[in-house]
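Q: The chain contents come next:
Protein chains: 2
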Amino acid sequence: MIGFLGEYEATLDAKGRFLLPAGFKKQLPANNPTHFVINRGFEKCLTLYPIQSWEPIFSEISKLNDFDPKVREFRRYFLNGATYMESDSAGRLLLPKNLMEHAGLDKDIVLVSAVNKIEIWDKNKYQKFFETFTPESFSDLANEVMNNENK
Amino acid sequence: MIGFLGEYEATLDAKGRFLLPAGFKKQLPANNPTHFVINRGFEKCLTLYPIQSWEPIFSEISKLNDFDPKVREFRRYFLNGATYMESDSAGRLLLPKNLMEHAGLDKDIVLVSAVNKIEIWDKNKYQKFFETFTPESFSDLANEVMNNENK
DNA sequence: AAAATAACACTTTTTCCCACTTTTTAAGCA
DNA sequence: TGCTTAAAAAGTGGGAAAAAGTGTTATTTT
Numbered sequence: 001m002i003g004f005l006g007e008y009e010a011t012l013d014a015k016g017r018f019l020l021p022a023g024f025k026k027q028l029p030a031n032n033p034t035h036f037v038i039n040r041g042f043e044k045c046l047t048l049y050p051i052q053s054w055e056p057i058f059s060e061i062s063k064l065n066d067f068d069p070k071v072r073e074f075r076r077y078f079l080n081g082a083t084y085m086e087s088d089s090a091g092r093l094l095l096p097k098n099l100m101e102h103a104g105l106d107k108d109i110v111l112v113s114a115v116n117k118i119e120i121w122d123k124n125k126y127q128k129f130f131e132t133f134t135p136e137s138f139s140d141l142a143n144e145v146m147n148n149e150n151k
Numbered sequence: 001m002i003g004f005l006g007e008y009e010a011t012l013d014a015k016g017r018f019l020l021p022a023g024f025k026k027q028l029p030a031n032n033p034t035h036f037v038i039n040r041g042f043e044k045c046l047t048l049y050p051i052q053s054w055e056p057i058f059s060e061i062s063k064l065n066d067f068d069p070k071v072r073e074f075r076r077y078f079l080n081g082a083t084y085m086e087s088d089s090a091g092r093l094l095l096p097k098n099l100m101e102h103a104g105l106d107k108d109i110v111l112v113s114a115v116n117k118i119e120i121w122d123k124n125k126y127q128k129f130f131e132t133f134t135p136e137s138f139s140d141l142a143n144e145v146m147n148n149e150n151k
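The listed protein sequences derive, respectively, from chains A and B. Counting with the working numbering, you get residues 1 to 151 for the letters of the first sequence. Counting with the working numbering, you get residues 1 to 151 for the letters of the second sequence.
Some hints here could point you the wrong way.
One copy or any two copies: either way a pair holds, since identical chains are not told apart in the list.
[As the list claims (entries may be wrong)] 27 Å max Cα-Cα, derived DSS-like pairs, lysine-lysine:
| hint | residue 1 | residue 2 |
| --- | --- | --- |
| 1 | 63 | 25 |
| 2 | 123 | 25 |
| 3 | 70 | 15 |
| 4 | 125 | 70 |
| 5 | 63 | 26 |
Keep in mind the hints are simulated off the structure, nothing from the lab. Keep in mind that this is a model prediction, so the values were computed, not measured.
Generate the whole structure from the sequences, applying the supplied hints.
A: Structure representation (structure tokens):
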């Protein structure tokens, strides 16, 4: 399985393209290093899936029962932002405009590891997120999350 | 199998035609990229089936027991709007008027992936649909839908 | 030297508009 | 009434201009 580490910055050009930071490039799977799916994140950010990470998710979704209204609702929300992307000859990725809006991206962005995918944040919003976080609250959260896991 | 991704906008011209967005065009099956069936959606929207996606559904429906009044009722409703469509020389699709009414389409429309087919919404109605959705409610829904699957 | 950014040229897609054909509707008349 | 014709509406096809997207090269930064 793919496992990303680290956090890198990048900038969007006038057309909404950005260069995948070299740090992440090195961590991409060897076979399909140019194929991605990008989607809305649960928070005000985007989620970038290398194609290998996306496929099992999509496969799950396509098995759901289409006659269940909840399924349709979920699917609509989940798939609406998902967009297939391929990096261009210069290794850049072009962000769809609706997703840029969703995440409130401007010019400076931050790419953060999220295990088998990468989250994309607006730099300012990302910093603010951290400012609201004290070491203690982080410690509490860690305790809660990691404990539930082991029960 | 066909699997669509993403959400794209289009506009209807005075005659009720729209251009299938390039983003979806690329995802169409190579063999019959101009043949569709369009139908009422369960919600206030339309469902556009590439012909390959329609055929298995139609086949399912034709197998149902005709002596069951509920079957006849369902079939009547489901098939009543279904219309065969072919895109014209410029790649445009002409919407039947009765279906435009059903979905309350005006000028601006949104096309959204529904795995092997595409939903067509009025832009305003679609936006309202999303406004009623908080990240938490989506998260709950996702949890519910994807959990049922694993039981 | 490698990576990131900026600038530019080019191609594709989209939009908007107009002209033409076919079908439908309405109207006139024997 | 039934036929014919005119008018209107609906549907189709295509082209030009604008916008969006893509690729390349050069320059700057680290």
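Q: Measure nothing new, just compare the shortest in-copy and cross-copy C-alpha distances for residue 70 and residue 15 to 27 Å and report within, between, both or neither.
A: neither (36 Å within a copy, 34 Å between copies)
Q: First find the shortest C-alpha distance between residue 123 and residue 25 inside one copy, then the shortest across copies, and answer within, between, both or neither for a cut-off of 27 Å.
A: within (20 Å within a copy, 34 Å between copies)
Q: If the cutoff is 27 Å on CA atoms, where do residue 63 and residue 26 land: within, between, both or neither? Let me know, please.
A: between (33 Å within a copy, 23 Å between copies)
Q: If the cut is 27 Å between Cα atoms, do residue 125 and residue 70 qualify within a copy, between copies, both or neither?
A: Answer is between; shortest inter-copy Cα gap is 18 Å, intra-copy 30 Å.
Q: I want to check one pair: residue 63 and residue 25. Are their C-alpha atoms no more than 27 Å apart within a copy, between two copies, both, or neither?
A: Close across copies (23 Å), not inside one copy (32 Å); limit 27 Å.
Hint 3 from the list above is the single one not met by this structure.
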